[in-house]
Amino acid sequence: MDLTVIWAGIIAFAIFMYVVMDGFDLGIGILFPSFQVGKERDQAMNAIAPVWDGNETWLVLGGGGLFAAFPLAYAIILPATYPLVIAMLLGLVFRGVAFEFRWRDPRHRGFWDMSFAGGSLVAAMTQGMILGALLQGVTVEGRNYAGSWFDWLTPYTLLTGVGVTVGYVLLGATFLAMKVEGRAEDHAYRTARIAGWATLALMIAVSLATPLLEGQYWRRWFEMPNILFAAQVPLLTGILFFALMRSIAKRRVYRPFVLALSIFLLGMAGLGVSMWPFAVPPGITIWDAAAPESSQIFMLVGTAIIMPIILIYTAWAYWVFRGKVGEHHYH
Amino acid sequence: MMIDGLDALTLARIQFAFTVSFHFIFPAFSIGLASFLMVLEGLWLKTGKPLYLDLFKYWLKVFAVAFAMGVVSGIVMSYQFGTNWSVFSDRAGPVIGPLMAYEVLTAFFLEAGFLGVMLFGMNRVGKKLHFAATCLVALGTFVSAFWILSVNSWMHTPTGFVMGDNGQFLPGDSWMDIIFNPSFPYRLVHTVTAAYLTTAFVVGGVGAWHLLRNSANAHARKMFSMAMWMAALVAPIQIFVGDLHGLNTLEYQPQKVMAMEGHYDSHPDGAPLILFGIPDSEAKEVRYSIEIPKASSLILKHDLNAPLAGLDTIPDEDEPPVEIVFWSFRIMVGIGFAMLGLGLWSLVARYRRKLYDWTWLHRAALVMGPSGFVAVIAGWITTEVGRQPFTVYGLMRTADSVSPLEAPAVATSLVAFVVIYFAVFGIGTWYIMKLMHNIPHDHETGVKRGDIGPIRTAGITPGPSQNPGDRETFPGSNRESQGPEIVDRTRNEEGGD
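Chains as they are written, first to last, in the working numbering: chain B, 1 to 331; chain C, 1001 to 1497.
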């Protein structure tokens, strides 16, 4: 198998891991103000305090991995979405420090709670918009971005931004449903139900808008024989949504989160159908953007050895902090 | 606005200098602090003395805040290469990208994966496993320094590459030639040692502050004593290592050393050491200089009469900005010798058994508390400005590395970074200082978070009023009384019941 394809798979995996792991973090952040000041918010925060840093590392791997494996894509996408990337990074600054700062300064805890929520919202929205900006195509000349600094701002990118944000809220709500107790738990299930319907509506909207952007997307999805394969993605997604809404209604503990993750995975698969084999649509393929074989091999050896170890100790860290964070202190 | 007149290149350079300088303050502290925590926890496990556990928990709270700021400012750095230096990223990516990917894989995940257990997990995983987590976090900070300094060193002394037809730097036969490029070993040792010294002086400053308030405080005594050992032993090592690093720079980046020394002119028979003066790059001379004849040749060539070339041998367009490098170098070296002085002073005090009594020593240590940060930033300015006008030394110019961005975009983001960094990290630094202001005492609380969640089970040991039996777990504890108001304040600060 082609090393470039393997690396595209590894980057996709890192991005998926990021979306899975930081998606619910950011979703919890966005939902934060809707929880009552005091124990409810403390519970929500403590549900992710021990793991957020590890979750965010997947974003660094996504960026660093792209830099290493597809330097040309990295060098084009970041200038093309410059204001979005800067806004995302500053959003992550506000939300990252809030984890510590809110405990250090009770008098200004309200401010840091808002910075936690606002930072999470900005990060989620900009990530969705970066995705949209990539899908709608980037102007390239030679090896450089050649558009202006607001090319990314279109109705389509706003749609993808809202879509990803609402999807993260769904992940966050279903994650909290597993981790918190009492009134906060009821609130999590209620929110999950609303976010579930909203995610479904936005996924349909994005799915309808995307093939209209570019002829090649249309052909991927709607021409024979592609449609036979491609149609499985929305079909499966529909079935999973049905199961998701049922599990939320029945207040299952783990199932809603797992189903929400599966829906995200299918969303990524849909993206794959649209984008393949482009790293930067409409012109730059993964082979155009790929680092030389020597770099690919050097990193692949390390990744093959280290990645399983990372997954093991990450799982262990989650295991250490398993179960409900609880509302009562003395049992 | 003032920045309206600047072009995108200048703005991008200011932005990178600003974000990386701000960022490096936190790792410079957390690399050393992680190791210090490892030592404290190790001593606690070995001796069973609760004093070490108290100190561990005292500094763990500081570490949590500093590490969070390091993480978020570090994520910014991992994207700054692409946002502002996309041409550089495209061309150098095949060589330095994999090293940065290795940093993520081997260091960032390790730190992040075990940080949660280190901060909240002692009661959940037990002492030994918790100590292992602390060690792994400390190891992670070092491994991170290893990779990123390899990348940085390669940009100073590029080796092991071939030029591709598309203008990219491509890896040559051996990755070892890239990773272990000529300046890397020196830079790594010099930087990590600097991080240890920086932390030692912070710890020493905090210890001194509390000794000045109460010289009988056993916790303050212990941290002050440990910090002064570090100062006395490591400062001379650092000066020696710095000298070796300078000789390495002379071999591979001579014009940087010329700028550091203020040598506009060549000296065929022994170059003077310019202690101070005002460099003037227009006139190409150092005004009002105080010099020691031939001493520069002695230091750099170990021969009084050895010839030393000056900037007159370098084309003007390849010269670094002398004024900045000249001054930043002197600030770094000056602080280095002041650190050595304090270390020696502490040895005298220790020998006379006055380490905890000489208040002038404590005042000096307090003033020197933040000096490591100044020295570290001055050192980085010396080496990075000294590499100009290149990003990849001698091969790729900074002017050719920048992203094709419009100046207003870079200006806006620069303003945003400056405002937000000063506000957020300023406040964070204030919180750290508040933590350091708390008197270190018996039964220190861990990283407590209200009464719920990871906290309830994971505050390393409950506060004294919550669990009076706590004391029994530490046989032989002989504690001074600190009075109840301290305990109360800690509890309030942490959110209380």
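Please keep in mind that the hints were generated in silico from the structure rather than gathered at the bench. Among the hints, erroneous ones may be present.
[Stated by the list, open to error] Distance condition first, Cα-Cα at most 35 Å in a straight line; then the derived DSBU-like pairs of lysine-lysine:
no., chain 1, residue 1, chain 2, residue 2
1, C, Lys1434, B, Lys324
2, C, Lys1127, C, Lys1049
3, C, Lys1284, C, Lys1046
4, B, Lys324, C, Lys1128
5, C, Lys1127, B, Lys324
6, C, Lys1046, C, Lys1128
7, C, Lys1434, C, Lys1046
Hint check:
1. About 32 Å separates the Cα atoms of Lys1434/C and Lys324/B, which keeps this hinted pair within 35 Å; it holds.
2. Pair hint Lys1127/C plus Lys1049/C holds up; C-alpha atoms about 14 Å apart against a cutoff of 35 Å.
3. At most 35 Å may separate the alpha-carbon atoms for a hinted pair to count; Lys1284/C and Lys1046/C exceed this at roughly 60 Å.
4. Distance restraint check for Lys324/B and Lys1128/C: the Cα-Cα separation of roughly 25 Å lies within the 35 Å cut-off, and the hinted pair is therefore satisfied.
5. Between Lys1127/C and Lys324/B the alpha-carbon distance is near 23 Å, which keeps this suggested pair within the 35 Å criterion.
6. A distance of roughly 11 Å separates the Cα atoms of Lys1046/C and Lys1128/C; the hinted pair therefore holds under the 35 Å criterion.
7. For the suggested pair Lys1434/C and Lys1046/C, the alpha carbons sit about 31 Å apart, so the restraint of at most 35 Å is met.
The earlier numbered hint that this structure contradicts is number 3, and it is the only one.
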